[in-house]
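Chain by chain, the residues:
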Amino acid sequence: MRSSDQVECHVLVIGSGGAGIRAAIEASQYGKTVLVSKTLVGKGGCTTMAEGGYNAVLNQEDSCEVHYEDTMRGGAFLNDPRLVEILVKEAPDRMADLVRWGAVFDVTGSCEVAQRPFGGQRFPRTCYAGDRTGHEMMMTLKERLASTAVERLEEISVISLLSQGNSVCGALGLDRDGEMNVIAADSVVLATGGGTRIYDISTNSSSGTGDGYALGYRAGAELIDMEQIQFHPTGAVFPYDARGRLVTEAVRGEGGVLRNTAGERFMSRYDPERMELSTRDVVSRAIANEILAGRGTENGGVYLDVTHLPASQIESRLPVMLEQFLKFGVDIRKEPMEVAPTAHHIMGGIRIDPTCQTSLPGLFACGEVAGGVHGANRLGGNALADTQVFGKRAGESAGKAKERKIVIDEAQISLQQDRLDQYLNGEVNPAHVSGTLRTAMWEGAGIFRTGEALTRTLEVIRHLAGLRLHAASHRNLLECCTVDNMLTTASLVVRSAMIRRESRGAHVRKDIVQDWEPKNSPFGHTYLSIHRDGIEQSGGK
Amino acid sequence: MKTLTVKVSRFDPERDEKPRFETYTVEVNEGARVLNVLHAIHDEEDPTLAYRYCCASGQCGSCAVRVNGVPVLACMEEARDGMTIEPLNLPVQRDLVVDISPLITSLHPLEPGEECRMPPAETVNALKPLRSCIECLACVSVCPAVEVAKFAGPTAMRQEMRLALDPRDMRDRTTQAVEEGLFTCTSCQACWKACPKEIEIPGKAIEKLRALAHKKGFSLPRHLEVAKMIEKTGRSVSRTEPTFFERIEADVFEPYCEAKATVGFFIGCMYSHRLPQTALDAVEVLRRNGIRVVIPREQVCCGSPLIRTGQLGLLEMLQRRNIEAFATRGIGTVVTMCAGCGATLKKDYPSTPFVVKDINELLDEYGIEAPERLPMVATYHDPCHLLRGQGVSEEPRRLLSKVVRLVEMPAVCCGSGGGVKSGFPDEANALGEKRRKEIEKTGAELVITSCPFCEFHIREHTDLPVKHVVSLLLEGYREKDRKRNETCPSA
Ligand SMILES: Cc1cc2nc3c(=O)[nH]c(=O)nc-3n(C[C@H](O)[C@H](O)[C@H](O)COP(=O)(O)OP(=O)(O)OC[C@H]3O[C@@H](n4cnc5c(N)ncnc54)[C@H](O)[C@@H]3O)c2cc1C
Ligand code: SF4
Ligand code: SF4
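Sequence order for the protein chains is A and B. Per the working numbering, residue 9 is the first one in the first sequence, and the count goes up by one each step. Per the working numbering, residue 408 is the first one in the second sequence, and the count goes up by one each step.
Worth flagging that the hints you see were computed from the coordinates, not collected in a lab. We treat Cβ as the ideally placed atom computed from N, Cα and C, and that holds for glycine. Among the clues, some could well be false.
To be verified - Derived EDC-like pairs: lysine to aspartate or glutamate, alpha-carbon spacing no greater than 20 Å straight-line: (1) A:Lys150 to B:Glu518; (2) B:Lys535 to A:Glu323; (3) B:Lys535 to A:Glu331; (4) A:Lys335 to B:Glu437; (5) A:Lys150 to B:Glu485; (6) A:Lys335 to B:Glu605; (7) B:Lys600 to A:Glu331; (8) A:Lys335 to B:Asp488; (9) B:Lys535 to A:Glu120; (10) A:Lys150 to B:Asp576; (11) A:Lys335 to B:Glu485.
To be verified - Label pairs and their in silico Cβ distance ranges: (12) A:Pro530 to B:Pro574: 49 to 57 Å; (13) B:Pro574 to A:Gly263: 26 to 34 Å; (14) B:Asn436 to A:Gly302: 20 to 28 Å; (15) B:Pro426 to A:Glu418: 36 to 44 Å; (16) B:Arg427 to A:Gly263: 48 to 56 Å; (17) B:Glu452 to A:Asn433: 41 to 49 Å.
Excised from the complex, chain A in its bound form (with noise of 0.2 Å):
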């Protein structure tokens, strides 16, 4: 089955997501370099259904400083500072990288990047273009991507990454005909995204099935803050099919107001200051709590209105909304849209030191896959700009590494035509596992969590990873593949919010009682590997 050439490059670097395309016009500079991709090279990952925007310090008026502070409050004191620091520095950097490659942001009357406000920050420096911002970087950085000599290996997933001593020197990739890559480079970047996909209600595409964090721990790398999964407050929830499809933040930037059956605003009970643009986690447990409390619509969400705004603003600045709900018969200018909380964002994900080094020698890692950037709450905003700042630093580090000779370890890639062979045989519908999987995330593992519920909900995992997937055919092996990711990332988030002992920024414990604030937390990130897990204490450093 496996195919018999071997590509071999500089830097591979997995995912085309707006990290993965910009490691990879980064790392071209220095040599051969492929991007393997499970879908066509940009239409999959989260990046090109981004809406909202980019945050970058852009004003005079606006500072590094406060969009520090805004993120690590935020984050409720979990991110990683020097990350952070680097986040905010060099995203307007960035930002100017992408206009000179011809990207069309929304521009003010001085023809400046306009920006708007987005929540938790305290001025309003979110870049957009309309609400498809993230589908504008992706379309600019194909078009950079073009000019570069990248290769790609299109719709090819990456099932293993290989290892020479403890060192990562390639990968095995699956081709939609079940044919195995193998793809050896002296540098490897994951930039595979996230993986909320492990939930019932989710706003991830179809990538978003946490691959990379499952390669990145089968591998040995080591994970922070996996328990912190960020419940987006605005996901649709009509038609069943459609729930969890994300309702952009950017309606409640552009004055959006959330009600209750009742009528009443009640984002002034839960934060009065910062209203509907409060943080994320703040709004969703809002929504949660509204919902709970009976004051729910009959599809279980809240309203979120815009009815007030005028038309053309509507039709200028959320065209994308409009479109999206009216193919489901809403006019967003008439009449509000019903919304709950949607899984979004995962916060934790492979720990990286600024260069985007991994605990593994010869793997980076950015962009959603990587933690330690937005602690226990992302501020809408800033994994855009994340993409493209730590994109640029992990295919600059992979690019700058050494050439060295590699063998490829048959015992490896044998050890995966086992896995696959195993599938051909199996008996359960991979389908079924990972819908039960994703219910079962869902209610365990949600906005509120229990010791209790979380334990049940690993037991249920153990059990989905201990039954034999059934691949109808060879081209069906990717499929297996994928619900074996997400039933380890799924593990990986679980075990995590079992060790973090106490509620911080999207982490709610509902079965502890604490008397610290986050800032004071005595803890720091949680981490797991194949060798250790655990907590750190206070400061995470």
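Starting from the known structure of chain A, fit chain B with the ligands onto it as the hints suggest.
Same frame as chain A, but now just chain B with the ligands:
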């Protein structure tokens, strides 16, 4: 939950010579999209079904398929019982998966200079609509020109225009677009209508690029001749027989019965100079149905041949003269019988002090006297500028079905538009021959259409008679009169 039965095109390159249909019955939720049906088939019926999707929210362009022949995004289109799901009309790799990567990667990237500033707001506003492309290639899949000409396709033109507009780009995109086949587009509007993001490629990219190309001296000699002719005579074609205006004596034609309405009649160059009889037929049909017809002689070419080929110099003058011709007579409704003129007056004129209606719309709206039925089977060729340009499709069908039995064929461009017939006769002929095959498949004895360019061009590609809707109606009336005279000769 509800149960749907759907037909899905399956193709396994190792086993099948050509695609085959499979029928599946699945359970889905209320409000389910086409994509949810595919998921249900894959998860519960046949896991080998191959299809693409990623974002499931209309933003990545991975999941475009044809539902009942029409390109849609599977994730946005509501699923319906009995629907047929096929891949886009592009090279099929497996089942619903088509090969779109080569085309996407061939789109030209921006070549940045040192300039590191955003363009001004008006440029950004012009760029934004061209930027919302999600590279689904629905447009390419329906473009008639890419199939028969050397043409990079609609979304490539969109990209060239996007680059041409952007001051940060350092390249000459106009020349590039010309090399990529800018002038082979027939202006059929199919791409725009298929685009899930409703990007108006013909008007917002192709015509704009053609205007840039004209300024650079790239206009085709035949297109320049047309412009010269319009400048000299006010008409885009020469006269081959006495024109419509030479054949009418009055400017106002009273109806044969009580007047229901008064309309101004916009003739158009082709019906005035090349097919005057058809225009006379129209006047007869209007009079017979209670419409008073006013025909200002000062009217000139609508400007369509100039707009479609990017020669905008004379446009304002033509528009002014036409608007004045009708406005000075206080006319509230102007009727057109040429699809191209109608679309131009409706969409390309800044604003008109009158309402413009296609003759099919007008007759259908006021209702017509029943004609005699003729024992014939006809097929109808949708003129691009009527179907897609004006959204008129049911009206002509309702009218002609009163006379003959209608058999349908797919609505595809005949190749006569956009200056292609004069500029690229081989392309126009290739498309005309494709029409011939479709017409033959229907078994019709007669082809009906509602555009002089289509009428003229299709005549060269079929042995059957080709007629305008009004000429057919008139035949029905003549037959009716003949029969009446037979039974009651004194009347
Ligand atoms: C709907 C939505 C809206 C958002 N809006 C905003 C916003 O407005 N502002 C903001 O800052 N953030 C926003 N976010 C978050 C942000 O978009 C993401 O965190 C960020 O784009 C992630 O980028 P990435 O490059 O790390 O991964 P992604 O863009 O997710 O890309 C991952 C890539 O990895 C590939 N891949 C995955 N697994 C494999 C594998 N096994 N083998 C090979 N390739 C693989 C995928 O195909 C894909 O190409 C939003 C997220 C969502 C879901
Ligand atoms: S208008 Fe018709 S011919 Fe021209 S690009 Fe669009 S689909 Fe092709
Ligand atoms: S222009 Fe429209 S139809 Fe064509 S690829 Fe882009 S989004 Fe799709």
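Here's how the hints hold up against the structure:
no. : hint                             : in the structure
1   : A:Lys150 to B:Glu518             : holds (13 Å)
2   : B:Lys535 to A:Glu323             : holds (13 Å)
3   : B:Lys535 to A:Glu331             : holds (16 Å)
4   : A:Lys335 to B:Glu437             : holds (14 Å)
5   : A:Lys150 to B:Glu485             : violated (31 Å)
6   : A:Lys335 to B:Glu605             : holds (14 Å)
7   : B:Lys600 to A:Glu331             : holds (16 Å)
8   : A:Lys335 to B:Asp488             : holds (18 Å)
9   : B:Lys535 to A:Glu120             : holds (16 Å)
10  : A:Lys150 to B:Asp576             : holds (15 Å)
11  : A:Lys335 to B:Glu485             : holds (8 Å)
12  : A:Pro530 to B:Pro574: 49 to 57 Å : holds (56 Å)
13  : B:Pro574 to A:Gly263: 26 to 34 Å : holds (32 Å)
14  : B:Asn436 to A:Gly302: 20 to 28 Å : holds (25 Å)
15  : B:Pro426 to A:Glu418: 36 to 44 Å : holds (40 Å)
16  : B:Arg427 to A:Gly263: 48 to 56 Å : holds (53 Å)
17  : B:Glu452 to A:Asn433: 41 to 49 Å : violated (22 Å)
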